[in-house]
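Given next are the chains, with one letter for each unit.
2 protein chains.
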Amino acid sequence: MQKGKQAEIRFNPNVSVDCVIFGFDGERLKVLLIDRGQEINGKDSEEKIYVLPGNLIREDENLNDAAERVLDELTGLSDIFLEQFGSFGAPDRLTKEHDLAWLKSIRAEPEARVITVAYYSLIRADQYEIHASGFAKEAFWYDIDDMPKLGFDHQDIIEQALTQLKFKSKYQPLGFELLPEKFTLGQLQKLYEAILKTELDKRNFRRKILKMSFLVPLKEKQQGVPHKPARYYTFDHDMYHRYKSNDFYFTL
Amino acid sequence: MQKGKQAEIRFNPNVSVDCVIFGFDGERLKVLLIDRGQEINGKDSEEKIYVLPGNLIREDENLNDAAERVLDELTGLSDIFLEQFGSFGAPDRLTKEHDLAWLKSIRAEPEARVITVAYYSLIRADQYEIHASGFAKEAFWYDIDDMPKLGFDHQDIIEQALTQLKFKSKYQPLGFELLPEKFTLGQLQKLYEAILKTELDKRNFRRKILKMSFLVPLKEKQQGVPHKPARYYTFDHDMYHRYKSNDFYFTL
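Here the protein sequences come in this chain order: A and B.
No gaps in the numbering here: position 29 of the first sequence is 49 in this note's numbering, and each next residue is one more.
No gaps in the numbering here: position 71 of the second sequence is 91 in this note's numbering, and each next residue is one more.
This is chain A alone, in the form it adopts within the complex (with noise of 0.2 Å):
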């Protein structure tokens, strides 16, 4: 891909951009990974191994234009608010040998040091369609507590970004976009255990948790399930998107 294009656009050799895709299916927190799609001696590796989607920055694009780009070319997704947490520059960060050997297939000057800026991102992992493209053979969803082994230096890349993502719930509302338009207790308390990486007590949440005025309970409760029906709450948008702008604190 790369290389092919380079008599058109120009790529910085030195900079790149990484994307940390959290999905949350209403049960677990994911990340999405894409199959770099490893070659050995010009044959298909039957280890495969698997990366952020990330790439180098275009000359003439700025950094937050090129995540977009390169979520979009690797794995089909758009239109999803990225957000830069950190860079990531360790002088060795590129040169394991399958890494090298990877970038050797695609870059055109696959020596050259890479500094990468990182973004991340928390969606509904069932609501974006993925279909891996460019480089990458196949792109998934993997459970955070479940990951295959990583390219580069990747592994510590989604261990930054998730501690961004656990400080950040503290101070944002969460659930908005992620949970159904009503919603109960339960499934929300899923959403914050899978982020915190902890059981919370019931009880505990919910007494916090009410005190929030961005949270509407409805009449409504379930049906046709096998335990007491739980009522279902909202969000008052404008209420949340308040709190989301401004100061709060929230802490379970």
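Treat the hints with caution; some may be incorrect.
No distinction is drawn between identical chains; accordingly, a pair holds when it is met within one copy or between any pair of copies.
In the DSSO-like style, the derived pairs of lysine-lysine whose C-alpha atoms are separated by at most 27 Å in a straight line are [claimed, not checked]:
id : residue 1 : residue 2
1  : K222      : K210
2  : K217      : K264
3  : K241      : K202
4  : K186      : K202
5  : K241      : K228
6  : K124      : K222
7  : K217      : K188
8  : K248      : K68
9  : K202      : K239
10 : K264      : K228
11 : K63       : K116
Worth flagging that the hints you see were computed from the coordinates, not collected in a lab.
This one's a predicted model, so the numbers in the text were calculated from it and none came from an experiment.
Following the hints, put chain B in place on chain A, whose structure we already have.
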């Protein structure tokens, strides 16, 4: 400097670090700037252009080490904690005429696109010795409300660092290493006012800050002041650092 050294030390042409060092002098918030020594047609320009201490990274060093080295080389400041807060990469960030003229006088590849990784810190302005060296002709503390003309996109970088600093003042206690060992609540209020760029109501400030268990009242009061002497306080170091590393939220 850099041109001459290229034979021994290789710099990455596309990646730099910049340091936003905030300094509190007991009254006001300042930022450390250097006069980069602008020449026009081989003569010192009469118009001085100030910039953040920053420069290209070496090919063999990681980003944090580069930030520490560059800050030390240009201002003599060392052993201060630098925190990465964002990367800046607009394609036109170095293309203004006077910026490009300066780059031509100093860099091997003056027209290369440079993405900068930005760091910040907050220190006691009057307790560190500053001495300009390298391409820095002079190094000064500037009041953030009275800034000179800045090169590159450094105004934007400082504004973003300031946003980060304000945000951080909400979840990390402030004052340790910035105030004397014993201080009055008036001095602590001045620190918050300098960072938040707002006047705070004295009674409200005291009511809220005194809930923080890291503040310890002393028996001692001010002496020889023309007003009612104020009580001194000190930080309980253990408690302060526990707040600093744990969840905490403070809004004024």
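Hint check:
no.	hint	verdict
1	K222 with K210	within (10 Å within a copy, 43 Å between copies)
2	K217 with K264	both (22 Å within a copy, 22 Å between copies)
3	K241 with K202	within (10 Å within a copy, 58 Å between copies)
4	K186 with K202	within (24 Å within a copy, 36 Å between copies)
5	K241 with K228	within (21 Å within a copy, 41 Å between copies)
6	K124 with K222	neither (52 Å within a copy, 64 Å between copies)
7	K217 with K188	both (14 Å within a copy, 24 Å between copies)
8	K248 with K68	neither (46 Å within a copy, 74 Å between copies)
9	K202 with K239	within (11 Å within a copy, 57 Å between copies)
10	K264 with K228	both (17 Å within a copy, 23 Å between copies)
11	K63 with K116	within (19 Å within a copy, 49 Å between copies)
Of the numbered hints given earlier, the model fails hints 6, 8; all others are met.
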